[in-house]
Amino acid sequence: MMNMNRHLLRKWFSTLFLIFGFVLTSFVRAPLAHANPPVFTGDAEADFTDPSVIVIDDTWAYDVTMHPAYGGGAVSGVDMKDVRLYYDAATDTMYVGLNTYGIAGDVDGDGDPGGTSSTLAAFGGSDFPNFSGAEGFAILLDVDEDGTFDVVAGVSDSTDINGFSVNVFDTVNGSVYSPSRASGFGQQLTNHMGSVFASPSSSQPDVEFTITNFSSLPASSGSDTSLSFGINVFMGSNADANIGDDFVPGANSTVTVPFASVGNYVWNDADVDGIQDSGESGLAGVTVNVYDLTDTLVMSTTT
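The opening residue of the sequence shown carries number 3 in this note's numbering; numbering runs sequentially from there.
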């Protein structure tokens, strides 16, 4: 749907350009989106179903190692199938779902996210409840795509799920190979805190949370003019006796999420050449609306 929206925007842009010229402003974190934000139930696949949802698949399925002693078919609860993103332009809120194969945080895959199985205990590991202890999850955002992560959102290994936070990523003390370490959670971004839905369980197995005021997240370079941002997602534990952690798309790597926005400058393009010439002044009070295929208003701006 993302590509389709961009195609529709190009067609709409070309038609409007016959009469007026206008500026298409690009800035990270502001996609063309439907007005149907997910209602969290703890099941990311069921909740993130709108056509404009962006799904980032894990490069390798079932890629978190499990010792044969756990039994054939055992899957760790930190093994992510995909990550799901939905941006609500009306509220400037990013909805995030971490879709795991099992119960998120159930590191030993025994169906009890808060209990340590005898097998894990025998290996010297622990499975903590509510993402407490050494467990954690985090998404890293490279807001301006300059190769440096700017923001971390999630639960660090110094708290539990009730300590969900959105922070500046501390590039000096933090580690991109273990993003949930508390040392990586720098200054808290109180204007972007959002909330986490609930602690995962058998009936609500996935992690779901929001980040508010998404379009104004800080960028390390101080400027942001691209159509996209980079994201890396982590889930794991430092006390799982070498079961393994999971990254999407991979450790210390990013996947690009492309978003766009409509600008707020319109002029009378008298000679229809696509260039604002001398004498072709800007027009004030013009409202530009963008609609999706269902005629739902997805974005609006006024000059």
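Among the hints, erroneous ones may be present.
[Said to hold, decoys possible] If you anchor each label on the Cβ, the simulated ranges turn out as follows:
#  : residue 1 : residue 2 : range
1  : S160      : P53       : 25 to 31 Å
2  : G287      : V41       : 32 to 38 Å
3  : V274      : N193      : 21 to 27 Å
4  : V57       : A253      : 27 to 33 Å
5  : N38       : G287      : 17 to 23 Å
6  : G75       : G149      : 35 to 41 Å
7  : S197      : T258      : 36 to 42 Å
8  : G113      : T61       : 42 to 48 Å
9  : S204      : H69       : 20 to 26 Å
10 : V274      : N164      : 33 to 39 Å
11 : P220      : G75       : 21 to 27 Å
Calculated from the structure, these hints are not laboratory results. Here the structure is a predicted model, which means the values were calculated and not measured. Idealized CB from N, CA, C, for every residue including glycine.
For each hint, the structure was consulted:
1. S160 / P53: 25 to 31 Å: violated, 39 Å
2. G287 / V41: 32 to 38 Å: Cβ of G287 to Cβ of V41: about 37 Å, so the range 32 to 38 Å holds.
3. V274 / N193: 21 to 27 Å: violated, 43 Å
4. V57 / A253: 27 to 33 Å: violated, 21 Å
5. N38 / G287: 17 to 23 Å: violated, 30 Å
6. G75 / G149: 35 to 41 Å: holds, 39 Å
7. S197 / T258: 36 to 42 Å: violated, 27 Å
8. G113 / T61: 42 to 48 Å: At 26 Å between Cβs, range violated.
9. S204 / H69: 20 to 26 Å: holds, 23 Å
10. V274 / N164: 33 to 39 Å: Violated - the Cβ-Cβ distance for V274 and N164, about 58 Å, lies outside 33 to 39 Å.
11. P220 / G75: 21 to 27 Å: This hint is violated: roughly 44 Å between Cβ atoms.
When held up to the earlier numbered hints, the structure conflicts with 1, 3, 4, 5, 7, 8, 10 and 11 and fits the remainder.
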